Amino acid sequence: MNFPDNLRYTKDHEWIKLEGNIATIGITDFAQRELGDIVYVEIETVGKTLMAEAVFGTVEAVKTVSDLYLPVAGTINEVNPALADSPEVVNTDPYGEGWMVKMTVNNPDEVKALMDAAAYTNLVGA
Amino acid sequence: MKNTPFTQKHIALGAKMAEFAGYNMPISYSGINDEHAAVRTNAGVFDVSHMGEFILKGENALDLIQRVTSNDASKLTAGKAQYSCLPNEQGGIVDDLLIYCIEENKVYMLVVNASNIEKDWNWISKFNTKNVEMHNISDKTCLLAIQGPNATKMLQPLTDIDILNLKYYTFAKGKFAGVDNVLISATGYTGAGGVEIYFEDKEGNAEKIWDAIFNLGGPQGLKPIGLGARDTLRLEMGFCLYGNDIDDTTSPLEAGLGWITKFTKEFTARPILEKQKAAGVARKLVGFEMVDKGIPRHHYDIKDAAGNKIGFVTSGTQAPSLQKAIGMGYVEVKHAALDTEIYIGVRDKLLKARVVKFPFV
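Same order as they appear, the protein sequences are chains A and B.
For the first sequence, position 7 matches number 7 in the numbering used here, and the numbering has no gaps at all.
For the second sequence, position 3 matches number 3 in the numbering used here, and the numbering has no gaps at all.
For the record, the hints were derived by calculation from the structure and aren't laboratory data.
There may be inaccurate statements among the hints.
[Unchecked claim] Here are the computed distance ranges between Cβ atoms for each label pair:
no.	chain 1	residue 1	chain 2	residue 2	range
1	B	G178	A	E34	38 to 46 Å
2	B	E207	A	T49	52 to 60 Å
3	B	E274	A	K11	55 to 63 Å
4	B	K349	A	N77	21 to 29 Å
5	A	N6	B	V356	46 to 54 Å
6	A	V55	B	S74	54 to 62 Å
[To be verified] A short, non-exhaustive set of chain A residues, derived as facing chain B with CB atoms under 8 Å:
no.	residue
7	G36
8	D37
9	V39
10	Y40
11	I43
12	E60
13	V62
14	K63
[Stated by the list, open to error] With a Cα cut of at most 30 Å, we get these calculated BS3-like pairs of lysine-lysine:
no.	chain 1	residue 1	chain 2	residue 2
15	B	K309	B	K352
16	B	K303	A	K63
17	B	K293	A	K63
18	B	K275	B	K75
19	B	K352	A	K63
20	B	K9	B	K140
21	B	K130	B	K153
22	A	K102	B	K293
23	A	K11	B	K106
24	A	K63	B	K324
25	B	K275	A	K63
26	B	K106	B	K119
27	B	K106	A	K48
28	B	K16	B	K309
29	B	K309	B	K334
Please read all numbers here as calculations on a predicted model, not as lab measurements.
Glycine included, C-beta positions come from ideal geometry on N, C-alpha and C.
Generate coordinates for the entire structure from the input sequences, incorporating the hints supplied.
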């Protein structure tokens with residue numbers, strides 16, 4: 001499985017990429033494999049300011065539904081528009097085309113405190 | 001956790017494995033959508049060896065089967081199978097099952113759900129007052145379902161039995177892939193056609209048959225299929241899954257299984273069910289498709305337009321063949337007519353759905 005070195009990771013299997021105080025968030029390669037074929041991503045929190053670990057949406061696979069947890073506190077700015085018609089890109093390209101939201105983070109240091117690729121790899125036993 | 005004789009094959013093929021009914025079972029291999037499409041358009045192999053098999057033998061075997069099941073097993077002649085259920089004393093369902101007539105009036109095989117093997121065995125034993133010989137052969141019986149429009153064509157070279165022309169719900173016994181005494185049955189849980197094959201787990205039979213099937217079918221696109229796609233395939237057909245759509249609290253009449261409930265004979269809870277039929281059921285299992293975007297899941301509430309609870313979802317999924325979300329659930333009879341608008345409580349929202357007929361595909 002692939003866990004890029006330039007990202008940070010959470011125990012809930014989200015990844016976060018920080019550029020200035022703007023972060024892009026998605027789910028990890030491990031998470032998409034566990035979920036299987038993703039058929040629907042529901043995110044209705046654009047404009048909302050949420051705490052770290054708050055639920056910002058849900059992802060539906062054929063067999064299961066799973067909540068999406070915000071890695072750090074901040075405000076959701078944008079949802080990936082491609083997910084509405086092609087939720088399967090989360091399976092095929094979880095770190096690229098399959099990104100989920102962009103947000104303004106309250107405190108960039110919170111991102112640095114999350115797991116790096118090595119620690120996350122260790123967590124999922126990959 | 002128990003293994004089937006094929007567990008190592010699944011692991012070697014890279015299947016995602018999980019516990020189901022106490023067995024380590026494959027959930028998916030290449031992905032549910034891909035496996036589902038393989039079965040609908042070509043052929044796929046399911047290891048369902050976790051299912052239970054009982055043999056009932058003797059001059060009173062049919063009498064016992066008649067008393068514990070709802071369908072009329074006296075209609076069965078050798079080589080025929082029947083879908084039926086075991087009603088409980090309240091008119092609910094202990095389990096649903098298949099009954100195979102091996103020898104008329106003498107030998108029958110009952111095929112039951114893996115999660116209910118012990119429950120069914122105890123239930124049937126309780127009514128066995130006339131010394132019918134009962135054998136639980138579940139642990140030594142392998143069961144593979146090879147399903148799909150091309151399944152029988154692919155398998156025909158492995159046997160002299162004419163499986164291409166085997167009629168629905170009939171079976172034959174013979175040699176398959178060099179293994180004697182294989183029961184081949186034109187049944188399945190997918191609505192895609194194909195067969196199910198039963199054989200004893202001994203002397204490397206399991207590996208021999210699995211390998212023969214894939215050596216022949218592999219180059220023709222035959223795929224191994226997990227329990228995930230088994231569920232989406234059966235759901236598209238509107239087939240009931242015990243524990244979801246039917247259970248100890250649902251009656252066969254409510255579940256749309258009136259066609260396997262025959263009042264031409266005596267059986268458990270017959271008076272209750274007969275009365276229910278005469279009076280009409282209060283709730284009914286219906287199929288529905290989502291109008292609003294969202295996916296119904298087991299136990300979600302079903303409501304009317306005003307938000308009053310009128311029932312609950314028993315099964316739901318995104319249907320791979322239809323590219324839309326479908327479900328099954330019990331609703332009050334006045335909401336059960338085709339095209340009725342109902343609402344599914346998905347998290348904090350009410351999403352519109354419409355009652356449709358079975359099967360969905």
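Results for each hint:
Take G178(B) and E34(A): their Cβ atoms lie about 40 Å apart, and the range 38 to 46 Å holds. Between E207(B) and T49(A) the C-beta distance comes to about 59 Å, which sits within the given range of 52 to 60 Å. Distance hint check for E274(B) and K11(A): the Cβ-Cβ separation is about 57 Å, which falls inside the suggested range of 55 to 63 Å. The given range of 21 to 29 Å is respected by K349(B) and N77(A), whose C-beta atoms sit roughly 23 Å from each other.
Between N6(A) and V356(B) the beta carbons are some 48 Å apart, a value that agrees with the proposed interval 46 to 54 Å. As the Cβ distance of V55(A) to S74(B) is approximately 57 Å, the hint placing it in 54 to 62 Å holds. Residue-level restraint check for G36(A) holds (minimum Cβ-Cβ distance to chain B is 6 Å; threshold 8 Å). At its closest, the beta carbon of D37(A) sits 5 Å from a beta carbon of chain B; the interface hint therefore holds under the 8 Å criterion.
Given the 8 Å rule on beta carbons, the hint for V39(A) holds: about 4 Å separates it from the nearest Cβ of chain B. About 6 Å separates the beta-carbon of Y40(A) from the nearest beta-carbon of chain B, less than 8 Å, and the hint is met. For the restraint placing I43(A) at the interface with chain B, the shortest Cβ-Cβ distance is roughly 12 Å, beyond the 8 Å limit, so the hint is violated. For E60(A), the interface hint holds, since its Cβ comes within 8 Å of a Cβ in chain B; the closest pair sits about 5 Å apart.
A distance limit of 8 Å between C-beta atoms decides the matter here; for V62(A) the minimum to chain B is near 5 Å, and the interface restraint holds. A least Cβ separation of about 5 Å between K63(A) and chain B falls short of the 8 Å threshold, and the interface hint therefore holds. This hinted pair checks out: K309(B) and K352(B) have alpha carbons roughly 14 Å apart, not beyond 30 Å. The hinted pair formed by K303(B) and K63(A) meets the criterion: a straight-line CA distance of about 23 Å does not exceed 30 Å.
Our distance criterion of 30 Å between C-alpha atoms is met by K293(B) and K63(A), whose separation comes to about 16 Å. A C-alpha spacing of about 24 Å is found between K275(B) and K75(B), which places the hinted pair at or below 30 Å, so the restraint holds. At roughly 21 Å between alpha-carbon atoms, K352(B) and K63(A) fall within 30 Å of each other, so this suggested pair holds. Of the pairs offered as hints, the one joining K9(B) and K140(B) holds, with about 18 Å between alpha carbons and a cut-off of 30 Å not exceeded.
Note on K130(B) and K153(B): the hinted pairing is violated, with a Cα-Cα distance of about 44 Å set against a maximum of 30 Å. As the CA atoms of K102(A) and K293(B) are separated by approximately 23 Å, the hinted pair is consistent with the 30 Å bound. Taking the CA atoms of K11(A) and K106(B), the gap is about 59 Å. The hint is violated against a cut of 30 Å. Distance hint between K63(A) and K324(B) is fulfilled; the C-alpha atoms sit about 14 Å from each other, no more than 30 Å.
Note on K275(B) and K63(A): the hinted pairing is violated, with a Cα-Cα distance of about 38 Å set against a maximum of 30 Å. For a cut-off of 30 Å, the pair hint linking K106(B) to K119(B) stands: about 24 Å separates their Cα positions. Under the criterion of a C-alpha separation no larger than 30 Å, the hint pairing K106(B) with K48(A) is inconsistent with the structure, at around 70 Å. For the hint pairing K16(B) with K309(B), the CA-to-CA distance comes to about 37 Å; that exceeds 30 Å, so the pair is violated.
This hinted pair checks out: K309(B) and K334(B) have alpha carbons roughly 13 Å apart, not beyond 30 Å.
Going down the numbered hints, you'll see the structure goes against 11, 21, 23, 25, 27, 28, while the others check out.
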